[in-house]
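Listed below are the residues making up each chain.
Protein chains: 2
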Amino acid sequence: MKDVEPEEMNRRLWLYDKIREVVRRYGFQIVEPTTIENLKTLEAKSGPAIRKEIYWFKDKSGRSLGLRFDLTVGIARMIANRYDLPEPIKFATIGGNWRYDEPQFGRYRYFAQWDIEIFGSESPAADAEVISVGADILGNVGLRDFVIRISNRRLTESYLKQVGIRSQIQLEQSLRIIDKIRKEPLDQLRGELKAIKIKEKAINDILSYIALNGPPAKVLDDLSDYDFREENAKKGLNELRILAGELESFGNVSSCVYDLSIVRGIGYYDGIVFEAFDKGGDDVGSIFGGGRYDKLCRIYGKRDLPATGVAGGIERLMISLERANLFPKMRIGAKVFVASVQEGIRSEAIRLAQTLRSSGVSAEVDLKGRNLSKQLEYANSARIPYVIVLGPKEIQTQSVRIKSMETRGEIEASFTELATKLRTLD
Amino acid sequence: MKDVEPEEMNRRLWLYDKIREVVRRYGFQIVEPTTIENLKTLEAKSGPAIRKEIYWFKDKSGRSLGLRFDLTVGIARMIANRYDLPEPIKFATIGGNWRYDEPQFGRYRYFAQWDIEIFGSESPAADAEVISVGADILGNVGLRDFVIRISNRRLTESYLKQVGIRSQIQLEQSLRIIDKIRKEPLDQLRGELKAIKIKEKAINDILSYIALNGPPAKVLDDLSDYDFREENAKKGLNELRILAGELESFGNVSSCVYDLSIVRGIGYYDGIVFEAFDKGGDDVGSIFGGGRYDKLCRIYGKRDLPATGVAGGIERLMISLERANLFPKMRIGAKVFVASVQEGIRSEAIRLAQTLRSSGVSAEVDLKGRNLSKQLEYANSARIPYVIVLGPKEIQTQSVRIKSMETRGEIEASFTELATKLRTLD
Numbered sequence: 001m002k003d004v005e006p007e008e009m010n011r012r013l014w015l016y017d018k019i020r021e022v023v024r025r026y027g028f029q030i031v032e033p034t035t036i037e038n039l040k041t042l043e044a045k046s047g048p049a050i051r052k053e054i055y056w057f058k059d060k061s062g063r064s065l066g067l068r069f070d071l072t073v074g075i076a077r078m079i080a081n082r083y084d085l086p087e088p089i090k091f092a093t094i095g096g097n098w099r100y101d102e103p104q105f106g107r108y109r110y111f112a113q114w115d116i117e118i119f120g121s122e123s124p125a126a127d128a129e130v131i132s133v134g135a136d137i138l139g140n141v142g143l144r145d146f147v148i149r150i151s152n153r154r155l156t157e158s159y160l161k162q163v164g165i166r167s168q169i170q171l172e173q174s175l176r177i178i179d180k181i182r183k184e185p186l187d188q189l190r191g192e193l194k195a196i197k198i199k200e201k202a203i204n205d206i207l208s209y210i211a212l213n214g215p216p217a218k219v220l221d222d223l224s225d226y227d228f229r230e231e232n233a234k235k236g237l238n239e240l241r242i243l244a245g246e247l248e249s250f251g252n253v254s255s256c257v258y259d260l261s262i263v264r265g266i267g268y269y270d271g272i273v274f275e276a277f278d279k280g281g282d283d284v285g286s287i288f289g290g291g292r293y294d295k296l297c298r299i300y301g302k303r304d305l306p307a308t309g310v311a312g313g314i315e316r317l318m319i320s321l322e323r324a325n326l327f328p329k330m331r332i333g334a335k336v337f338v339a340s341v342q343e344g345i346r347s348e349a350i351r352l353a354q355t356l357r358s359s360g361v362s363a364e365v366d367l368k369g370r371n372l373s374k375q376l377e378y379a380n381s382a383r384i385p386y387v388i389v390l391g392p393k394e395i396q397t398q399s400v401r402i403k404s405m406e407t408r409g410e411i412e413a414s415f416t417e418l419a420t421k422l423r424t425l426d
Numbered sequence: 001m002k003d004v005e006p007e008e009m010n011r012r013l014w015l016y017d018k019i020r021e022v023v024r025r026y027g028f029q030i031v032e033p034t035t036i037e038n039l040k041t042l043e044a045k046s047g048p049a050i051r052k053e054i055y056w057f058k059d060k061s062g063r064s065l066g067l068r069f070d071l072t073v074g075i076a077r078m079i080a081n082r083y084d085l086p087e088p089i090k091f092a093t094i095g096g097n098w099r100y101d102e103p104q105f106g107r108y109r110y111f112a113q114w115d116i117e118i119f120g121s122e123s124p125a126a127d128a129e130v131i132s133v134g135a136d137i138l139g140n141v142g143l144r145d146f147v148i149r150i151s152n153r154r155l156t157e158s159y160l161k162q163v164g165i166r167s168q169i170q171l172e173q174s175l176r177i178i179d180k181i182r183k184e185p186l187d188q189l190r191g192e193l194k195a196i197k198i199k200e201k202a203i204n205d206i207l208s209y210i211a212l213n214g215p216p217a218k219v220l221d222d223l224s225d226y227d228f229r230e231e232n233a234k235k236g237l238n239e240l241r242i243l244a245g246e247l248e249s250f251g252n253v254s255s256c257v258y259d260l261s262i263v264r265g266i267g268y269y270d271g272i273v274f275e276a277f278d279k280g281g282d283d284v285g286s287i288f289g290g291g292r293y294d295k296l297c298r299i300y301g302k303r304d305l306p307a308t309g310v311a312g313g314i315e316r317l318m319i320s321l322e323r324a325n326l327f328p329k330m331r332i333g334a335k336v337f338v339a340s341v342q343e344g345i346r347s348e349a350i351r352l353a354q355t356l357r358s359s360g361v362s363a364e365v366d367l368k369g370r371n372l373s374k375q376l377e378y379a380n381s382a383r384i385p386y387v388i389v390l391g392p393k394e395i396q397t398q399s400v401r402i403k404s405m406e407t408r409g410e411i412e413a414s415f416t417e418l419a420t421k422l423r424t425l426d
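Order-wise, the sequence lines are chains F and W.
Each residue of the first sequence is one higher than the one before, starting from 1 at the first, in this note's numbering.
Each residue of the second sequence is one higher than the one before, starting from 1 at the first, in this note's numbering.
One chain only, chain F, in its complex shape (with noise of 0.2 Å):
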């Protein structure tokens, strides 16, 4: 696992600030789960399978604990059981994540991501809130050209079983495969969906519901040629039905298309689910990814509450900004160093650093009882744009100068009004 060092940590807190902004403005509460939960928990939602892909270990009174591995299950266990807490319940946070499979490009075995959750409305208009808060998160750190891909597992969960799909082994393996559409040639997935015994003309018809994209409206028209006969598949269509409306309503629509291509991998989404990719560069894979998943508070507490979520990894983001060039650029360390000529005057120097502190000016001194070039030499390196030099002359007439370490230039200022100037200098 990597330490953050100071660049990466200066953007980290600029895009976490970033984030907290939009979910705060639709009224999310920002919360964390727990760092360390019991293994059985972690193990609810996806069964011991779990432990292989995770870090846990006994403590030392025997109990079974583990790191989380996102930030889902801790959330959803901590409402599951909030009966004091009115509806919808809406949840936000940022943290780190640990999960111990092969580092990739953009992924990591401790890893940071954003989570917000809405618990109690089956609506689909809490979809689109959620969908909304993900497009005006990359808005707001300035990304434009993304795209946020939409489907309904329930609608294709029953499309699967209607064209002769019908054990849950085999159901869950047909959508682990469609999952790698993004990643994998057609023919392949072809040849992956034979093996797992599917007939020719239902893996045919499976390509051509999966190929189905386009803005919403187009998919709906598409669809609507098709004769589902599953109630669920009538809610599921419907869902995606109303949600073109809300979407609209959101002002969001223009960034989203319906790809029924889109399952997610993991087991608990059970309706509206959807997948956001940046443009310039979806090979790190989908920037945020969420959905419904009406069952999974059941497992932790003693009631059905249908929720809805979406997450994103922080680690792809950035990457995602730094392609972009998006990160605004900001200072690493102080903005002005104060020299001193001589050791007497080294006391000045530091009274004056403080007064500028306290004015919210960054600034640096000399502690090695560095001689006045050694002093420069350090500013220098440690690239603080501005220096000042503090002499006898400069004490008594309560004024220096401003010098720019990198157009050489210099600014007069008393005392009195150095802060002010140093705040308006870039």
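Fair warning: there could be bad hints in the mix.
Just so you know, same-sequence chains aren't split out, so a pair can sit in one copy or run between any two.
[As the list claims (entries may be wrong)] For lysine-lysine, the following DSSO-like pairs were computed, each having C-alpha atoms within a straight-line distance of at most 27 Å: (1) 302 with 2; (2) 40 with 60; (3) 329 with 18; (4) 2 with 295; (5) 368 with 295; (6) 235 with 368; (7) 279 with 18; (8) 302 with 374; (9) 58 with 2; (10) 40 with 295; (11) 45 with 58; (12) 199 with 234; (13) 234 with 368; (14) 295 with 234; (15) 374 with 235; (16) 218 with 234; (17) 201 with 52; (18) 201 with 421; (19) 183 with 302; (20) 183 with 161; (21) 302 with 368; (22) 302 with 235; (23) 180 with 218; (24) 368 with 45; (25) 60 with 45.
Hints were generated in silico from the structure; no laboratory data involved.
Got chain F sorted already, so can you dock chain W onto it with the hints?
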């Protein structure tokens, strides 16, 4: 371990911002060391005994790993082999740590700390700067009534040897006993020193020495009566003399006292040491603490690197701030609920909410298809302070009333001035 609920989360985020504001003013660079370290790295400082106090485990490839138990170790490891960074290297971090011990008041198995470190300066000016950052952090969150108790481990260890403590084991035992001075009565300390076979005369000398405290000038004066014979003692005393002047320059001397009972339990400190206490609640223990550890970096790297730093517990600081009622009032959730009188209006309500959100006003709309009275009930129980009811008339006139849920008062506002008016409301 516990989840962080919305109110606490808001306070934490506010506190983190206040801390970062101060460390940036001093030109510190913010970083974050990895959460999981090799067990060897964690043991390097304190020996294998640390295993009993931390979470550690073997990963799937058999490596022994542990969750970080403080931030100093990680930062020291990060810089130990960096020869490219100009010195002094000034790093700061805020982050969670894990310790496997019995939870006590203000002490948890997962706890957060702020931490700043200066590497590369032997000068007491660096110690004065970290003390000053600590004082400014407390000041920046509104705490005024605190005291920073300062001593010098080098001086104290030399003095203990001078009065007859010969072995390293006895030295460490005595330091651990002295460290309990604020928790145990003097008689008990006397008994414990006797139990490790320190002679009556030496115990008297030690107890008089650690009883010295007061303003730096007063304690330095008291110490001038002592006949320190070891070079190390003279060096330590001289560091305290220089530090007093530096604290004066930094303008923080008024909150500092010299207190020779301060030793810091942990093994790696070797020069100036200090602990700060909230006078309004020192039952939580020290509110920050730190000191000089010139030998630690060599353990992780190839060189000696003088170092001094300070760390404070976030949870303890929060207890102090809560007691002194210093947290500002912060809203949890949205500022305004946009209700709709009937289903056909709901999309207009969403549009209006979206406009408010993009103007930076946090807004919520109905996501459950509720009737008007249920919507108002929700806004009330979610403690959203303002409500707008949107009906056909409001849409026609492009104007609404902002209703305060607390005072029941109403303000008229056109759609165009709505965001501005809402922003000015409390």
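Now the hints, each set against the structure:
no.: 1; hint: 302 with 2; verdict: between (40 Å within a copy, 21 Å between copies)
no.: 2; hint: 40 with 60; verdict: both (17 Å within a copy, 19 Å between copies)
no.: 3; hint: 329 with 18; verdict: both (15 Å within a copy, 22 Å between copies)
no.: 4; hint: 2 with 295; verdict: between (36 Å within a copy, 24 Å between copies)
no.: 5; hint: 368 with 295; verdict: between (62 Å within a copy, 18 Å between copies)
no.: 6; hint: 235 with 368; verdict: between (72 Å within a copy, 17 Å between copies)
no.: 7; hint: 279 with 18; verdict: within (21 Å within a copy, 37 Å between copies)
no.: 8; hint: 302 with 374; verdict: between (68 Å within a copy, 24 Å between copies)
no.: 9; hint: 58 with 2; verdict: both (25 Å within a copy, 18 Å between copies)
no.: 10; hint: 40 with 295; verdict: within (17 Å within a copy, 44 Å between copies)
no.: 11; hint: 45 with 58; verdict: both (20 Å within a copy, 25 Å between copies)
no.: 12; hint: 199 with 234; verdict: within (24 Å within a copy, 89 Å between copies)
no.: 13; hint: 234 with 368; verdict: between (75 Å within a copy, 21 Å between copies)
no.: 14; hint: 295 with 234; verdict: within (19 Å within a copy, 71 Å between copies)
no.: 15; hint: 374 with 235; verdict: between (74 Å within a copy, 26 Å between copies)
no.: 16; hint: 218 with 234; verdict: within (18 Å within a copy, 85 Å between copies)
no.: 17; hint: 201 with 52; verdict: neither (37 Å within a copy, 62 Å between copies)
no.: 18; hint: 201 with 421; verdict: neither (76 Å within a copy, 62 Å between copies)
no.: 19; hint: 183 with 302; verdict: neither (39 Å within a copy, 46 Å between copies)
no.: 20; hint: 183 with 161; verdict: within (25 Å within a copy, 70 Å between copies)
no.: 21; hint: 302 with 368; verdict: between (63 Å within a copy, 21 Å between copies)
no.: 22; hint: 302 with 235; verdict: within (26 Å within a copy, 67 Å between copies)
no.: 23; hint: 180 with 218; verdict: within (24 Å within a copy, 75 Å between copies)
no.: 24; hint: 368 with 45; verdict: between (56 Å within a copy, 26 Å between copies)
no.: 25; hint: 60 with 45; verdict: both (26 Å within a copy, 22 Å between copies)
The structure shown violates the earlier hints numbered 17, 18 and 19.
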